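Participant: Below, each chain spelled out in residue letters.
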Amino acid sequence: MGDYIVLIISCIFINNIILAQYLGACPFLGTTKKMETAVGMAFAVIFVLTMAGIITWVVNTFFLNKFGLQYLRTIAFILVIASLVQFVEMFLKKSIPALYAGLGIFLPLITTNCAVMGVCLININEEYGFIQALISAISYAVGFGFALILFAGVRERVVLGRVPQPLQDTSIGLVTAGVLSLTFFAFKGMV
Amino acid sequence: MIEAVLFMLGLGVSCGSILSAASKVFYVYEDPRIAEVEDKMAGANCGGCGFAGCSQAAGAVVKGEALPSVCVVAGPEGAANVAAVMGLDPGTAEPLRSINTCTGGFRADDKYYYMGVQSCSALSALYDGKRVCTIGCLGLGDCITACAFDAIEMGPDGFPVVIEEKCVGCGACERVCPKSIIKIRTMSQRLLELNKEEDALGPCQQTCPAEIDIPKYISQIREGDYEGAVHTIRERNPLLLSCGRVCPHPCEDFCRRGIEDEAVSINQLKRFAADYEMNSGKRLHISVAPDTGKKVAVVGGGPAGLSCAFFLKRLGHSVTVFDDNPELGGMIRYGIPEYRLPKKVLKWEIDGILNLGIEAKTSVKLGKDFTVGSLVAAGYDAIFLGVGAWKDYNMKVEGEDLKGCYTGINFLTRFATAQQGKSNEEIPIGKKCVVIGGGNTAIDCVRTLVRLGAEEVNIVYRRTRKEMPANEVEIVAAEHEGIKFTFLAAPTRVIGDENGHVTHLEYLKMELGEPDASGRRRPVPVEGSETLMECDMLITAIGQGPDVSFMNADTKRIQELAITRWNTIDAVDPITLQTNIPYIFTAGDSATGASLVVEAIGGGRRAARSIHQYLSGEEVKAPGSALFKKHIKESIFEKVPGIQKKNRAEMPELPVYDRIKTFDEADLVLQEEDAIREAHRCLACCRICYNKDVAA
Chain A
1 MGDYIVLIIS CIFINNIILA QYLGACPFLG TTKKMETAVG MAFAVIFVLT
51 MAGIITWVVN TFFLNKFGLQ YLRTIAFILV IASLVQFVEM FLKKSIPALY
101 AGLGIFLPLI TTNCAVMGVC LININEEYGF IQALISAISY AVGFGFALIL
151 FAGVRERVVL GRVPQPLQDT SIGLVTAGVL SLTFFAFKGM V
Chain B
192 MIEAVLFMLG LGVSCGSILS AASKVFYVYE DPRIAEVEDK MAGANCGGCG
242 FAGCSQAAGA VVKGEALPSV CVVAGPEGAA NVAAVMGLDP GTAEPLRSIN
292 TCTGGFRADD KYYYMGVQSC SALSALYDGK RVCTIGCLGL GDCITACAFD
342 AIEMGPDGFP VVIEEKCVGC GACERVCPKS IIKIRTMSQR LLELNKEEDA
392 LGPCQQTCPA EIDIPKYISQ IREGDYEGAV HTIRERNPLL LSCGRVCPHP
442 CEDFCRRGIE DEAVSINQLK RFAADYEMNS GKRLHISVAP DTGKKVAVVG
492 GGPAGLSCAF FLKRLGHSVT VFDDNPELGG MIRYGIPEYR LPKKVLKWEI
542 DGILNLGIEA KTSVKLGKDF TVGSLVAAGY DAIFLGVGAW KDYNMKVEGE
592 DLKGCYTGIN FLTRFATAQQ GKSNEEIPIG KKCVVIGGGN TAIDCVRTLV
642 RLGAEEVNIV YRRTRKEMPA NEVEIVAAEH EGIKFTFLAA PTRVIGDENG
692 HVTHLEYLKM ELGEPDASGR RRPVPVEGSE TLMECDMLIT AIGQGPDVSF
742 MNADTKRIQE LAITRWNTID AVDPITLQTN IPYIFTAGDS ATGASLVVEA
792 IGGGRRAARS IHQYLSGEEV KAPGSALFKK HIKESIFEKV PGIQKKNRAE
842 MPELPVYDRI KTFDEADLVL QEEDAIREAH RCLACCRICY NKDVAA
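As you go down the protein sequences, you meet chains A and B in turn. Note that our numbering has the first sequence beginning at 1, numbered continuously upward. Note that our numbering has the second sequence beginning at 192, numbered continuously upward.
Hint data in this document are derived by calculation from the structure and do not stem from the laboratory. Treat each hint with caution, since some may be false.
What the hints assert, rightly or not - For each label pair, taking beta carbons as the anchor points, the in silico distance ranges come out as:
id	chain 1	residue 1	chain 2	residue 2	range
1	A	R157	B	K812	38 to 48 Å
2	A	C26	B	G548	53 to 63 Å
3	B	V479	A	R157	42 to 52 Å
4	B	V216	A	T111	38 to 48 Å
5	B	I772	A	T111	36 to 46 Å
6	B	M199	A	V191	55 to 65 Å
7	A	C26	B	D319	32 to 42 Å
8	B	G784	A	R157	57 to 67 Å
9	B	Y303	A	R157	16 to 26 Å
10	B	Y303	A	V191	48 to 58 Å
Claimed, not checked - Derived lysine-lysine pairs resembling DSSO-like cross-links, with alpha carbons at most 27 Å apart:
id	chain 1	residue 1	chain 2	residue 2
11	B	K387	B	K821
12	B	K820	B	K830
13	B	K374	A	K33
14	B	K215	A	K93
15	B	K830	B	K657
16	A	K34	B	K321
17	B	K321	B	K824
18	B	K852	B	K622
19	B	K559	B	K535
20	B	K321	B	K215
21	B	K254	B	K321
22	B	K552	A	K94
23	A	K34	B	K374
24	B	K254	A	K33
25	A	K94	B	K254
26	B	K254	A	K93
Computed from a prediction, not measured in an experiment: that's the story for all the values here. Note that beta-carbon positions come from the ideal geometry of N, C-alpha and C, so glycine has one too.
Hey, can you work out the whole structure from these sequences and the hints?
Facilitator: Structure follows, in structure tokens:
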């Protein structure tokens with residue numbers, strides 16, 4: 001049990017997928033101008049990453065490892081994740097139209113989110129078991145959402161400040177992200 | 192190697208088959224037009240339209256929730272393609288346009304000085320901005336940055352100006368404006384707007400019963416954009432030629448320039464713009480919304496009816512106007528004499544309104560040739576009653592029905608009908624004429640009599656000149672034309688000769704006593720002061736009220752129509768003008784009692800707004816913060832420092848000697864340079880700020 005808690009804390013804070021591992025920086029900058037979109041993206045990622053974590057673990061364990069085809073991992077995962085997102089989109093549209101309308105454009109955008117791919121590959125590299133892989137996927141996703149929301153909050157304040165002309169918008173966003181990332185480094189060594 | 196190929200093939204096939212199976216299982220019927228429409232859009236998923244991606248926007252277009260022009264990237268060509276898919280005519284779709292409603296919050300005083308703020312949203316977060324004005328433009332141009340089409344630029348006065356040709360109506364500016372100063376509206380939405388407490392309104396616009404955007408059209412005249420000024424006026428008032436001539440301009444009483452100087456001659460500027468259009472020889476295009484398929488009957492072709500019909504037509508409803516008289520115009524055709532409003536001008540104006548595609552049925556009388564019930568039976572979805580106030584009040588004194596005695600509106604109407612060649616009646620004009628009353632009808636009667644060759648015309652009024660309800664300019668004109676005024680005189684008896692023809696009017700002298708409910712000092716008779724005034728023609732013009740006898744011939748349901756104790760049709764809510772029968776609306780004199788033309792025009796528009804709400808299945812109601820005849824307290828500022836006196840443009844008029852011989856129009860239009868100079872006198876007031884005069 002203790003291991004799992006360590007894993008959760010490590011995934012959310014210490015090895016935060018964006019702020020410590022620098023994966024998924026594109027949606028991190030793209031969807032954090034407004035709190036509203038940041039929250040939408042956060043939930044979409046939690047949803048898809050959980051699903052992707054499970055499926056890729058299954059594909060890896062029961063197919064790739066079994067036949068010694070590890071070198072096909074990247075391309076296989078790309079295919080699986082893309083199909084998964086499409087599948088989820090169709091499923092939600094039919095079964096939970098409200099959720100589909102809520103996630104809106106973010107769902108297809110995740111197809112190209114490197115954080116998803118990254119987490120799946122980390123799970124394999126760390127040789128996690130199924131439960132561990134599941135918890136790691138959910139935790140990384142929560143960490144991703146957490147960073148997104150934090151950053152959106154900060155950015156909404158930053159626009160009100162006296163930002164010099166050349167540093168406005170994305171530039172100051174990157175500087176802010178750097179500072180935010182540094183604060184997350186304070187967690188290093190906790191575990 | 193072979194395993195790898197097999198594995199990838201297997202993975203591909205299984206992913207593919209799962210997805211294709213899923214697409215069957217989870218199939219949701221989608222209008223095929225959505226995909227087609229999406230195909231015609233730019234596919235940028237930019238969100239500029241306000242929807243989450245192109246497919247959402249396409250869905251909204253197909254559902255009718257968005258216009259074909261929703262895609263802000265595809266431009267007009269894309270809009271035409273989308274419209275073609277939807278089978279809509281892109282030409283009739285109403286484009287959204289951005290309007291800046293503030294004319295310069297930058298003029299308001301500073302509350303504080305703060306360095307380094309670069310965006311409106313930041314400034315607004317700091318105590319609502321640095322100006323004293325809480326609603327005005329902050330002037331840092333968030334809208335300019337937000338606009339992806341370069342359609343907004345910083346104007347020379349430090350507030351953003353929308354370039355109409357470039358605006359696509361994407362709404363990005365409206366979303367970023369922390370003050371809601373920039374608004375995106377379609378034409379219909381603009382036509383339906385009422386003055387609200389939170390709006391940026393000058394005192395004149397708050398006062399105008401038709402709610403015309405006065406500061407805007409004056410600034411357009413100042414910039415030489417006369418056509419723009421005509422369009423601005425026409426958004427609120429379709430009878431600008433008539434109003435420009437006869438309006439007693441209550442707005443000018445609230446002109447803030449009037450505190451230190453003379454008020455701006457607002458009405459003459461309106462007439463200038465209106466005459467500019469008429470004299471230019473071509474009619475400006477008036478845009479009309481797509482047809483809604485609803486039918487409305489407008490009973491009464493007076494100013495209220497014409498205004499209501501005009502706005503209903505522009506909102507896309509089909510309208511038929513019914514009128515008792517041989518021609519449309521109502522009181523402004525028959526009650527206002529030729530020398531104030533030439534019939535040629537009126538005809539041009541009414542033709543312009545009818546040209547929109549409004550049908551007119553004249554010489555049909557409500558209650559005789561048709562009833563409200565028969566209109567309902569004929570399939571009209573809503574009915575507007577603007578029957579006016581045509582019944583003259585009687586003095587209730589002995590002898591007022593002797594030969595040579597007339598009542599005001601009756602006299603004017605009979606004379607106007609004959610003058611316009613619609614009847615052969617010849618009214619014998621006396622040598623010594625007396626008109627009783629102090630209102631505009633009385634003045635119209637005396638000025639008409641002078642022109643008809645009466646040797647002596649006397650006006651008898653029971654109060655003093657100060658209390659006369661007639662327009663000041665009219666009283667002055669009557670004085671110039673040699674009318675004699677007898678004030679503080681209450682008629683008691685009309686005396687006739689043996690042939691039953693009037694010879695004398697007997698009246699009691701009065702003196703002023705305590706003020707009454709209307710704030711005017713009540714005249715009190717002086718005992719034993721009976722005086723005789725010789726006359727051979729007598730006109731009573733002491734007011735008029737609506738004639739609601741048409742109801743008697745109507746169906747049971749219509750007889751339930753509520754009537755007030757002043758015999759007017761009871762509009763339950765004076766803003767929406769809906770009556771107790773939901774599909775009947777009213778405005779003008781029949782709702783208010785005898786009142787101003789501009790009041791009837793404003794009422795007609797409000798009724799059209801309510802009818803539009805009723806026909807669209809919405810609740811008929813006014814916005815809670817509707818200003819309606821109230822003033823925003825802070826906007827009636829009492830001092831305007833920094834103003835230099837500049838004379839108000841004199842109204843050009845025909846010399847008295849010439850004008851009393853004919854019915855030619857007595858008041859003339861301003862010359863262009865005078866109009867521009869007059870327009871420069873406008874302080875462009877808003878709620879709390881105004882333009883100071885720069886030292887000349």
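Participant: Now, for every hint given, state plainly whether the structure supports it.
Facilitator: We went through each hint and held it up to the structure:
no. : hint                           : in the structure
1   : A/R157 with B/K812: 38 to 48 Å : holds, 40 Å
2   : A/C26 with B/G548: 53 to 63 Å  : holds, 55 Å
3   : B/V479 with A/R157: 42 to 52 Å : holds, 48 Å
4   : B/V216 with A/T111: 38 to 48 Å : violated, 21 Å
5   : B/I772 with A/T111: 36 to 46 Å : violated, 60 Å
6   : B/M199 with A/V191: 55 to 65 Å : violated, 38 Å
7   : A/C26 with B/D319: 32 to 42 Å  : holds, 37 Å
8   : B/G784 with A/R157: 57 to 67 Å : holds, 59 Å
9   : B/Y303 with A/R157: 16 to 26 Å : holds, 21 Å
10  : B/Y303 with A/V191: 48 to 58 Å : holds, 51 Å
11  : B/K387 with B/K821             : holds, 10 Å
12  : B/K820 with B/K830             : holds, 22 Å
13  : B/K374 with A/K33              : holds, 23 Å
14  : B/K215 with A/K93              : holds, 13 Å
15  : B/K830 with B/K657             : holds, 26 Å
16  : A/K34 with B/K321              : holds, 25 Å
17  : B/K321 with B/K824             : holds, 22 Å
18  : B/K852 with B/K622             : holds, 15 Å
19  : B/K559 with B/K535             : violated, 30 Å
20  : B/K321 with B/K215             : violated, 60 Å
21  : B/K254 with B/K321             : violated, 44 Å
22  : B/K552 with A/K94              : violated, 56 Å
23  : A/K34 with B/K374              : holds, 22 Å
24  : B/K254 with A/K33              : violated, 30 Å
25  : A/K94 with B/K254              : holds, 19 Å
26  : B/K254 with A/K93              : holds, 17 Å
In the structure shown, a violation is registered for the earlier hints numbered 4, 5, 6, 19, 20, 21, 22 and 24, in ascending order.
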